[in-house]
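Given only the sequences and the hints, what does the whole structure look like? Please build it.
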Amino acid sequence: MSTSAPDAEGRLTELKRALERRRIKALSPYKAQAWECLLRVHNLLTRYPNLPSGFCNGFNAGISPIEHTHTPDNGPSLYTYSHAYLEIVEKEFNSQRYIGPLSRAEVESVIGPFQTSPLSLVPKPGKPNKFCAVHNFSFLRAPSAGFYSVNYCIDSNLFPCTWSTFVTICTTIWNLPPDSQASIRDVAEAYRTIPIIPDQ
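Reminder that position 17 of the sequence shown reads as 17 in my numbering, one-by-one numbering, no gaps.
Just to be clear, a hint being listed does not mean it is correct.
Pair ranges (Cβ atoms, derived) [to be verified]:
#: 1; residue 1: Asn94; residue 2: His42; range: 34 to 40 Å
#: 2; residue 1: Ala182; residue 2: Ser95; range: 29 to 35 Å
#: 3; residue 1: Asn129; residue 2: Tyr98; range: 20 to 26 Å
It is worth saying that the hints were derived from the structure and are not from the lab. Where is the CB? At the ideal position from N, CA and C, for every residue including glycine.
Shown next, in the form of structure tokens:
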């Protein structure tokens, strides 16, 4: 099967333009000027000086430069539930968070060597036939042949989080005074709305 050279060149030119637009303005729903204004009002800008620019240009996640392309196989659930996967992909394209499809050679010609993380589908609890796409950013668990997982390169001390067990949470709730209120936060979209710098 032959490919028209002008068509292939046109696709690459279009991709380069799309990536350049992302370099100039990251795709994020957060309003950087509003964040900066509120941080100033509450005297927090000196504590979080990178938040406004990060929302505009992307955050530095500390991911090491990639010298060789590495594309491990996706999980088997992607093929078992291919219809659900195609629905997720369509939603991502409609949200302008996906570009492509592109061959390995096309991606390398635009950004150089790259690395992917295995993708799997996980059933959503209580929602029959609904799935969540999960990237395994910890694959490989340990460095191998010059390849590192995304999570391996990130210094977790720079992003502290606190986790509790189910028993601890239940005990905390049980001991709250009457009329207490609680709220939950869904961070499902966080990895798709918080941009990182283009080189990463």
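For each hint, the structure was consulted:
1. Between asparagine 94 and histidine 42 the Cβ separation comes to about 36 Å, which falls inside the hinted range of 34 to 40 Å.
2. The beta-carbon spacing between alanine 182 and serine 95, approximately 30 Å, falls within the hinted interval of 29 to 35 Å.
3. Evaluation of the 20 to 26 Å hint for asparagine 129 and tyrosine 98 yields a pass: the beta carbon distance comes to about 22 Å.
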